[in-house]
Amino acid sequence: MNNKNNIQNEVEATLISLNGIVTATPGPYFFTRVQARLTKAEKNIWERVSSFIARPAIAITMVSFVLLMNTIAVLEHKKTSNLFMDQPDQSFYDEFNVAVNTFYDYEIKEP
Amino acid sequence: MSEWILIKQLKQKDEAAFKTVVETWQDMVFNTVLGIVQNPEDAEDVSQEVFVQVYESVNSFKGESKFSTWLYRIAITKAMDHIRKKKRKKRFAFVQSLFGVDNEVLHDPPDFHHPGISLDNKERAAVLFMAIDKLPENQKIAFNLHKIEALSYQEVSMVMKLSLSSVESLLHRAKNNLKQTLEDYYQNYD
Numbered sequence: 009m010n011n012k013n014n015i016q017n018e019v020e021a022t023l024i025s026l027n028g029i030v031t032a033t034p035g036p037y038f039f040t041r042v043q044a045r046l047t048k049a050e051k052n053i054w055e056r057v058s059s060f061i062a063r064p065a066i067a068i069t070m071v072s073f074v075l076l077m078n079t080i081a082v083l084e085h086k087k088t089s090n091l092f093m094d095q096p097d098q099s100f101y102d103e104f105n106v107a108v109n110t111f112y113d114y115e116i117k118e119p
Numbered sequence: 033m034s035e036w037i038l039i040k041q042l043k044q045k046d047e048a049a050f051k052t053v054v055e056t057w058q059d060m061v062f063n064t065v066l067g068i069v070q071n072p073e074d075a076e077d078v079s080q081e082v083f084v085q086v087y088e089s090v091n092s093f094k095g096e097s098k099f100s101t102w103l104y105r106i107a108i109t110k111a112m113d114h115i116r117k118k119k120r121k122k123r124f125a126f127v128q129s130l131f132g133v134d135n136e137v138l139h140d141p142p143d144f145h146h147p148g149i150s151l152d153n154k155e156r157a158a159v160l161f162m163a164i165d166k167l168p169e170n171q172k173i174a175f176n177l178h179k180i181e182a183l184s185y186q187e188v189s190m191v192m193k194l195s196l197s198s199v200e201s202l203l204h205r206a207k208n209n210l211k212q213t214l215e216d217y218y219q220n221y222d
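First to last, the sequence lines map onto chains X and V.
Numbered according to the working numbering, the first sequence terminates at residue 119, and the numbering increases by one at each position without gaps.
Numbered according to the working numbering, the second sequence terminates at residue 222, and the numbering increases by one at each position without gaps.
Chain V on its own, in the form it takes in the complex (with noise of 0.2 angstroms):
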């Protein structure tokens, strides 16, 4: 079915056209909001968002780009208010702990291992995804785009709606940065 057909249905609330959407883009979709949030039960939860929210708000989808950018975008913007939520509520129990309210002890999450990477790289990829969860916003978000989606520069400056060497200096300091975490956490590990 084409694109532009399907999207037409959508906007009809066609259940049959959104069944299609879902079942095309779930894995893209799943993958993004995953290499973000790192943590399957959430990637999971956030990404039943992203449709909920492609459903609703389909009517707003002009066609200036395509469908799967479109897509991206929303994933991003919900994997990343989800992280924010996050912290939020960790800075609320840690500002709750200091008056001694609720005394709960806050476990830090265990190693993210991404299911898609091969055994011998496992251990590796964890350390990574650690460094990747400490790069500035926007650092984290093209360099997912780019590594983990494989998205060419082109295209993730049209899902970030940035210029291409805004993107180009985004992963630039993306890969610096990830040298001086790994850098560090190798010293301190030997």
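So here's chain X without its partners, still in its complex pose (with noise of 0.2 angstroms):
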């Protein structure tokens, strides 16, 4: 019971050890130093643009994309020459008197 009692009082007696407690500083010629950081920072600034895109997520996400496109276009181009092939150009036939023989028209035989 005491022991606890003592836990007790310490515990309270920790609570109120910040009051009173005064603002801190920092180091002397802080301005100095933050001018120094904001010069560097503007001086940087295609550091920072290469970061950016050097991020992980970033570049992932740029490269996803320019495969997507890639296979976007691929499919698209597949479709566009599949489109060509089930109708031919008649007008190439009726031109150049081209024929289409089948293996089948010389068996046909005049009744």
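Source of the hints: derived by calculation from the structure; they are not laboratory data.
Fair warning: there could be bad hints in the mix.
Stated by the list, open to error - When the alpha-carbon atoms are kept at most 30 angstroms apart in a straight line, the in silico DSSO-like pairs for lysine-lysine are as follows:
no.	chain 1	residue 1	chain 2	residue 2
1	X	Lys48	V	Lys40
2	V	Lys118	X	Lys48
3	V	Lys207	V	Lys118
4	V	Lys166	V	Lys207
5	X	Lys48	V	Lys45
6	V	Lys193	V	Lys117
7	V	Lys117	V	Lys166
8	V	Lys207	V	Lys154
9	V	Lys51	V	Lys40
10	V	Lys118	V	Lys179
11	V	Lys193	V	Lys43
12	X	Lys12	V	Lys166
13	V	Lys211	X	Lys12
14	V	Lys179	X	Lys12
15	V	Lys211	X	Lys48
16	X	Lys48	V	Lys207
17	X	Lys48	V	Lys179
18	V	Lys154	X	Lys48
19	V	Lys122	V	Lys179
20	V	Lys207	X	Lys12
21	V	Lys51	X	Lys12
22	V	Lys117	X	Lys48
23	V	Lys211	V	Lys51
24	V	Lys122	V	Lys51
25	V	Lys166	V	Lys121
26	V	Lys193	V	Lys179
27	V	Lys121	V	Lys43
28	X	Lys48	V	Lys51
29	V	Lys94	V	Lys179
30	V	Lys122	X	Lys48
Can you join these two chains into the complex? Each is in its own frame, and there are hints to help.
Written out as structure tokens, the structure reads:
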């Protein structure tokens, strides 16, 4: 019981140990250091851009986007070339008098 | 110089105005950050970042709140980002050590002694800061703003963009958590 009371007293004393705390101050010439940091930040804008692009999430997203665009382009191209295969240009055949002779045409016998 | 004129000049990237802003608010920013990161070198570093951020993004300050409220928000955000970054590095170093990579011994940082605490309270305050460090993020922020920055509940609610009742609840839970941590500490200490 005594021990519990002691602990409670310690806890209470610790909780009020921040009373009367004085504001801490940074070291001297703080503004000079801030200015130097600001100048450095302004000079490094291209480094910041490239480090932003190099971030894994950004880089992976950009690569995935490029791959997706390539896939769409390939699929579109395939679709377009299939379209040409299914619908041959009839005017080509007429102009060059091209007849599509099949094997079976030669087998047709006159009645 | 009136605050509004100062901010207007700062938006025009006037160096003298920026110097005035830094000199006026550097102690407030440093003290807030120090209470959260609990390391003077890191606090100095983060405080510099805060003012660089202020300079770069002052045009986004619309005057809907006080300038000091806006400053507190930036300071807290930067301080919390710093802590999260440090924790991530620690976790990554731990994972590396599991794989036998770079077996660097990780030292626990020494007790934090706030320079603004009187000598007779220094040891107790160090224990309290250890307990504060274990609080969940929002409770830690609210406790720091109220106890170390001496902001009222209303001012804390404006900085944290929370309702007054939420701030009261946060501080109540923070106090209970601190009591629990301190009880455990003093039981084991004996």
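Verification of the supplied hints:
no. : hint                  : in the structure
1   : Lys48/X <-> Lys40/V   : holds (24 angstroms)
2   : Lys118/V <-> Lys48/X  : holds (23 angstroms)
3   : Lys207/V <-> Lys118/V : holds (25 angstroms)
4   : Lys166/V <-> Lys207/V : holds (12 angstroms)
5   : Lys48/X <-> Lys45/V   : holds (16 angstroms)
6   : Lys193/V <-> Lys117/V : holds (24 angstroms)
7   : Lys117/V <-> Lys166/V : holds (16 angstroms)
8   : Lys207/V <-> Lys154/V : holds (20 angstroms)
9   : Lys51/V <-> Lys40/V   : holds (14 angstroms)
10  : Lys118/V <-> Lys179/V : holds (24 angstroms)
11  : Lys193/V <-> Lys43/V  : holds (24 angstroms)
12  : Lys12/X <-> Lys166/V  : holds (23 angstroms)
13  : Lys211/V <-> Lys12/X  : holds (13 angstroms)
14  : Lys179/V <-> Lys12/X  : holds (26 angstroms)
15  : Lys211/V <-> Lys48/X  : violated (45 angstroms)
16  : Lys48/X <-> Lys207/V  : violated (42 angstroms)
17  : Lys48/X <-> Lys179/V  : violated (35 angstroms)
18  : Lys154/V <-> Lys48/X  : violated (38 angstroms)
19  : Lys122/V <-> Lys179/V : holds (29 angstroms)
20  : Lys207/V <-> Lys12/X  : holds (19 angstroms)
21  : Lys51/V <-> Lys12/X   : violated (53 angstroms)
22  : Lys117/V <-> Lys48/X  : holds (22 angstroms)
23  : Lys211/V <-> Lys51/V  : violated (42 angstroms)
24  : Lys122/V <-> Lys51/V  : violated (36 angstroms)
25  : Lys166/V <-> Lys121/V : holds (18 angstroms)
26  : Lys193/V <-> Lys179/V : holds (18 angstroms)
27  : Lys121/V <-> Lys43/V  : violated (36 angstroms)
28  : Lys48/X <-> Lys51/V   : holds (17 angstroms)
29  : Lys94/V <-> Lys179/V  : holds (28 angstroms)
30  : Lys122/V <-> Lys48/X  : holds (28 angstroms)
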